[in-house]
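Enquirer: Sequence:
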Amino acid sequence: MLGFDHFYVYDNSGAFSNQSSLEPVADIFPDDVTVIKWPSRICNNNPNNVDSVGERSSQYAAEASCRLRFGSHVNWIGQFDIDEYLIPMGNYTRITPLLKKLDDEGTKIISFASWRAWPRRTHINDPEVTTFKNDVKMCRRNSECFELSVRKDTTIMEAYNCDRQRPGAKSSTMPAEKQLYRPDYVTQHFIHYSTITESTNLLPKEFQEKFKGQRPFPDPLSRFGDEVNEGLMLHSKSVARQDTAGWKLNCREDRKGFDQCRIGFPWPEDGSNATADKNGWAYNCYVNPRIDNYFAPKVKAKLKEMGLMETQRSTRLCFHKNSLEGSATPRRD
24 MLGFDHFYVY
34 DNSGAFSNQS
44 SLEPVADIFP
54 DDVTVIKWPS
64 RICNNNPNNV
74 DSVGERSSQY
84 AAEASCRLRF
94 GSHVNWIGQF
104 DIDEYLIPMG
114 NYTRITPLLK
124 KLDDEGTKII
134 SFASWRAWPR
144 RTHINDPEVT
154 TFKNDVKMCR
164 RNSECFELSV
174 RKDTTIMEAY
184 NCDRQRPGAK
194 SSTMPAEKQL
204 YRPDYVTQHF
214 IHYSTITEST
224 NLLPKEFQEK
234 FKGQRPFPDP
244 LSRFGDEVNE
254 GLMLHSKSVA
264 RQDTAGWKLN
274 CREDRKGFDQ
284 CRIGFPWPED
294 GSNATADKNG
304 WAYNCYVNPR
314 IDNYFAPKVK
324 AKLKEMGLME
334 TQRSTRLCFH
344 KNSLEGSATP
354 RRD
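Under my numbering, the first residue of the sequence shown is numbered 24, with each subsequent residue one higher.
Among these hints, one or two may not hold up.
[Claimed, not checked] Lysine to any residue pairs mimicking SDA-like chemistry, simulated, CA-CA at most 20 angstroms apart:
| no. | residue 1 | residue 2 |
| --- | --- | --- |
| 1 | K233 | F213 |
| 2 | K260 | S245 |
| 3 | K325 | A85 |
| 4 | K175 | K201 |
| 5 | K321 | I51 |
| 6 | K201 | A297 |
| 7 | K201 | V97 |
| 8 | K327 | F155 |
| 9 | K201 | L25 |
[Said to hold, decoys possible] Each pair of labels, with its calculated beta carbon distance range:
| no. | residue 1 | residue 2 | range |
| --- | --- | --- | --- |
| 10 | H29 | K301 | 29 to 37 angstroms |
| 11 | R164 | D277 | 18 to 26 angstroms |
| 12 | R246 | K325 | 30 to 38 angstroms |
Worth flagging that the hints you see were computed from the coordinates, not collected in a lab.
Each residue gets a CB set at the ideal place from its N, CA and C atoms; glycine is no exception.
Modelling step: build the complete structure from the supplied sequences, incorporating the hints.
Expert: As structure tokens, this is what we get:
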């Protein structure tokens, strides 16, 4: 829908088990998706307080592989995680007209800042169905937590459409920023940054003569996208079970002193001064209308057309009386 010609998925599922692979999904789109089986297990940098601090994420090598193998065949390439959604904004509904604009102005690299978005309470399944109480093993603290899942009649993009800042209002960027770049200009890319480019490869004197006192970093031919008029990135990083611990306290309007609430309660668009809804849940994120009103309906319609999206089944709780203990035990229908 955005105008990308092909997708290369670097999948290291097989390094752990033959039971989990993205190939069945990719096989649905044989002309559009290529799966590269990636053998490395290491997905994250080790912290600096462990013995094997030198172990680095294999994502660096996977990214370099993608650029080297496929970059010479394309004009632009983007490298994103599967939980990062690129959303055209303003007058753009596809990415290709934006890339033409960048070519016309001489920009070689465009970055999209990212803050982690929260899943909306209205778009996830009932927390009470999967709640653990006073379970340190499951919740990693002596508190309630639940197994968060997205409703089957919505999409991940729609469910997580609750960013902590309005478009264009990010006070600072996070290291999760991602880029689209011209691979004929970028000779080395390092996950979030174009580290070596045609410009930074110049001798210092040549660089200064060409760019008149500019610094090599950020690259002089790079810039951030205009989130209101060009595009932004929605980061739908999953909320793990332990991250929901204590949510009933953390998400309240009077939650001061508690942890951060990771369940989305969107600020209303009516201009009111309220800071919480009628039930006392504190507002903590903003819905992007472009996603809800344009992209989400198009994606859902296409998924339903392909038979890849279910409608939400009603969920009821059936109680039976335990005659020995006299307690009501919920069962999910």
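Enquirer: Could you run down the list of hints and mark each one as holding or not?
Expert: Comparing the hints with the structure gives:
no.: 1; hint: K233 to F213; verdict: violated, 25 angstroms
no.: 2; hint: K260 to S245; verdict: violated, 26 angstroms
no.: 3; hint: K325 to A85; verdict: violated, 30 angstroms
no.: 4; hint: K175 to K201; verdict: violated, 28 angstroms
no.: 5; hint: K321 to I51; verdict: holds, 18 angstroms
no.: 6; hint: K201 to A297; verdict: violated, 34 angstroms
no.: 7; hint: K201 to V97; verdict: holds, 18 angstroms
no.: 8; hint: K327 to F155; verdict: violated, 34 angstroms
no.: 9; hint: K201 to L25; verdict: holds, 16 angstroms
no.: 10; hint: H29 to K301: 29 to 37 angstroms; verdict: violated, 48 angstroms
no.: 11; hint: R164 to D277: 18 to 26 angstroms; verdict: holds, 20 angstroms
no.: 12; hint: R246 to K325: 30 to 38 angstroms; verdict: holds, 32 angstroms
In this structure, the hints that do not hold are numbers 1, 2, 3, 4, 6, 8 and 10, in rising order.
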